[in-house]
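S.K.: As a plain string of letters, each chain reads:
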Amino acid sequence: MLYYLAKRLGLSTVVVCLVVLVLFSLLYFIPGDPATIALGPRATEEAIARYAEKMHLDEPVWRQFLIYIGNALTGDLGLDVFSDRPVTAIIMERIGFTLALVGAGMGWAMLLGIPLGCLAAVKPNSWIDRITGVLSVGTIAVPSFLVSIWALLIFAVHLRWLPAIGAGEPGQLGDQLSHLVLPAFAIGLSWVGYLARMVRASMLEVMGENYIRSARAFGLHPRRVVFGYALRVAILPTITLIGMGFGGMISSTVFAEIIFARPGIGKLIFDSVMARNFPIVQGAVLVATGLYILVVLFSDILIAWFDPRVRESL
Amino acid sequence: MPKDAQHARETLLDVRNLSVDFRTPRGRVKALRDITFPIRRNRIVGIVGESGSGKSTVLWALLGLLAKNAEVMGGEVRFGDRDLLHASETQLRATRGEEISVVFQDPMTSQIPVLTYGRQMLDILYRRPDVSASEKRRMAVEMLGKVGIPDPDKRIDQYPHHFSGGMRQRAGIAMALLTGPKLLLADEPTTALDVTMEAQIIHLLQDLQKELDATVVVVSHNLGLIAELCDDVVVMYAGEVIEAGDVREIFHNAQHPYTRALLECDPARIDDVSRKLPVIPGDIPDLTRALSGCIYAPRCQRAMPVCRTETPPDVRRGEMSQARCHLLEGPHHDPVWMSASRLPPAKPSG
Chain W
529 MLYYLAKRLG
539 LSTVVVCLVV
549 LVLFSLLYFI
559 PGDPATIALG
569 PRATEEAIAR
579 YAEKMHLDEP
589 VWRQFLIYIG
599 NALTGDLGLD
609 VFSDRPVTAI
619 IMERIGFTLA
629 LVGAGMGWAM
639 LLGIPLGCLA
649 AVKPNSWIDR
659 ITGVLSVGTI
669 AVPSFLVSIW
679 ALLIFAVHLR
689 WLPAIGAGEP
699 GQLGDQLSHL
709 VLPAFAIGLS
719 WVGYLARMVR
729 ASMLEVMGEN
739 YIRSARAFGL
749 HPRRVVFGYA
759 LRVAILPTIT
769 LIGMGFGGMI
779 SSTVFAEIIF
789 ARPGIGKLIF
799 DSVMARNFPI
809 VQGAVLVATG
819 LYILVVLFSD
829 ILIAWFDPRV
839 RESL
Chain Z
1004 MPKDAQHARE
1014 TLLDVRNLSV
1024 DFRTPRGRVK
1034 ALRDITFPIR
1044 RNRIVGIVGE
1054 SGSGKSTVLW
1064 ALLGLLAKNA
1074 EVMGGEVRFG
1084 DRDLLHASET
1094 QLRATRGEEI
1104 SVVFQDPMTS
1114 QIPVLTYGRQ
1124 MLDILYRRPD
1134 VSASEKRRMA
1144 VEMLGKVGIP
1154 DPDKRIDQYP
1164 HHFSGGMRQR
1174 AGIAMALLTG
1184 PKLLLADEPT
1194 TALDVTMEAQ
1204 IIHLLQDLQK
1214 ELDATVVVVS
1224 HNLGLIAELC
1234 DDVVVMYAGE
1244 VIEAGDVREI
1254 FHNAQHPYTR
1264 ALLECDPARI
1274 DDVSRKLPVI
1284 PGDIPDLTRA
1294 LSGCIYAPRC
1304 QRAMPVCRTE
1314 TPPDVRRGEM
1324 SQARCHLLEG
1334 PHHDPVWMSA
1344 SRLPPAKPSG
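If you're matching them up, the sequences are chains W and Z in order.
With my numbering applied, the first sequence covers 529 to 842.
With my numbering applied, the second sequence covers 1004 to 1353.
With the rest of the complex left out, here is chain W (with noise of 0.2 Å):
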């Protein structure tokens, strides 16, 4: 076990500083030098020069990338081009907004989707099994900043139910909770659709097989031989898409983001592409991509603590 973590946070570094690579490269490689676009069209050559040397421009790619690395390592990842704050605060103040969203998001997917495939697979043909299939599909083929901007229009603008942006007071739960319904619906929509799916295909499965005869013909209760006995191996390969799709919900609060005006790290990054403030756009995506293997990494030992077999072969 020590040994499979040891191994798997291995290669989770290389597969990170293969995306520093990737983002420094990026950054370099398309036109437009960094400190005049930083400072304006307008600085001087001195400003320009003094800022070159502080961000290390002048020094060969090589030995930026390794100055990179080598901050990041220690949590700095470099200043904000315009604030001159460090990135890491700046990441770190917004990260919790998107971490709360994606959370609701997959947890309210989550909590309906697995008990509907559940129910689904239970009676096949049925008509609450007709039903979840034809809303599945559809939530999954409706894109998010699709229902992001319907349910703001209905909800916030027509009903005025819930408000339409921000996040809400800091300090106060029940508005920023309230803040949340919206976005979290909206990203969280169409993972109803897939567990909902996907659960009801590997429920299928497995209440076919013989051990699921075994525990009825023990007399044990329905409920008994589905949540205890199905579920718990069909839930197995359902871990592994839920871990993935927390990598694509983060990109997919970049919509949500936006459209709710929401500062997230999707919103962040957004805006740092857009005022090219590469500092933060590297930052960004470089936690961003640490969260993605963490939570995959996290789902892959969830699946070990599920199954023994699993547990045993690491």
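Rather than coming from a laboratory, the hints here were simulated on the basis of the structure.
Every value quoted in this text rests on a predicted model; they were computed, and no experiment measured them.
There could be a bad hint or two in this list.
[Stated by the list, open to error] One-sided and incomplete, this derived list gives chain Z residues near chain W with beta-carbon spacing under 8 Å:
1) 1066
2) 1068
3) 1096
4) 1097
5) 1099
6) 1116
7) 1129
8) 1162
9) 1164
For every residue, glycine included, the Cβ atom is placed at its ideal position computed from N, Cα and C.
Chain W is already provided as a structure; the job is to place chain Z on it using the hints.
M.R.: Frame of chain W; chain Z shown alone:
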């Protein structure tokens, strides 16, 4: 009436006129037709037949766990004062695993891979709220020891994939006997095991049946296993009970031509001279078609014209003994056939 009362006392479970259809895309398959046989208390009853004869379907019908496309067309299954065919799902659930328990055919697939044996066995005892969890665990450990699993207090916390095939089947038997059921159903319990394991499992079942005073039904196509293990035998062919009776009677003086042919085909009795394995010519009939006459007539070497038109009567001789053949009674009665003991199937005359 006294005879009936005695019958009721001796009979633990009584299957009467059970018929089951399967709805398939090809039409209705009449999988079981008019199945009647008693299961006597404290006996080991064997159900034999070829693949597709419906022997496993009988077992699942007793448990009310037939496949979704199955439909019970009639009959009853008396168990105590209940009719299991018409019991509610709640009643059936109270019976399954508590009064009637099952040992499954393939221990490699019939035990859930992600739960320990301890967890699985605790789950089976869920209907006993008055027994503490530690007491349940003690019962489970004791039962695992009883079926011959070494270090049961350690192995109970292991998963099925830690056990070999034979050990898994032992654990399967322990799970089935945990609640002290009145009736144990064993669905081809040794088919998935190698020969040495098979002998061990048979002896284990025999010993436990005596020790626990249980009644056991074993479904198998293995005649050697049936001969060694069982007291009574039910011979099935294409969804019908062809013959039933005491194991010695069946093996030494089978009444029905099919039973005799089946015994001839036992690999253990391979022809010493020719080294050939005899076979019954022909196939099991298509059960989607309307059937008339004797179900075995197309393959029977003693078939008479009447066999193809008239359903033969169930000829009963005593409590358990029955056979379904025109040769045994009525105008076509053949006393020579009746008295012939271990006769090879006669060649068709003319």
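S.K.: Confirm or reject each hint.
M.R.: Status of each hint after checking the structure:
1. 1066: Given a least distance of 6 Å, the restraint on residue 1066 of chain Z holds.
2. 1068: Because about 6 Å separates residue 1068 of chain Z from the closest Cβ in chain W, which is inside the 8 Å limit, the hint holds.
3. 1096: It holds, given that the least Cβ distance between residue 1096 of chain Z and chain W is near 5 Å, below 8 Å.
4. 1097: With Cβ-Cβ at 7 Å, under 8 Å, it holds.
5. 1099: Interface hint status for residue 1099 of chain Z: holds (3 Å vs cutoff 8 Å).
6. 1116: Where the cut-off is 8 Å and the nearest Cβ of chain W is about 6 Å from residue 1116 of chain Z, the hint holds.
7. 1129: With Cβ-Cβ at 7 Å, under 8 Å, it holds.
8. 1162: Hint on residue 1162 of chain Z: holds, closest Cβ of chain W at ~5 Å, below 8 Å.
9. 1164: Hint holds; residue 1164 of chain Z Cβ to chain W Cβ min 6 Å, cut 8 Å.
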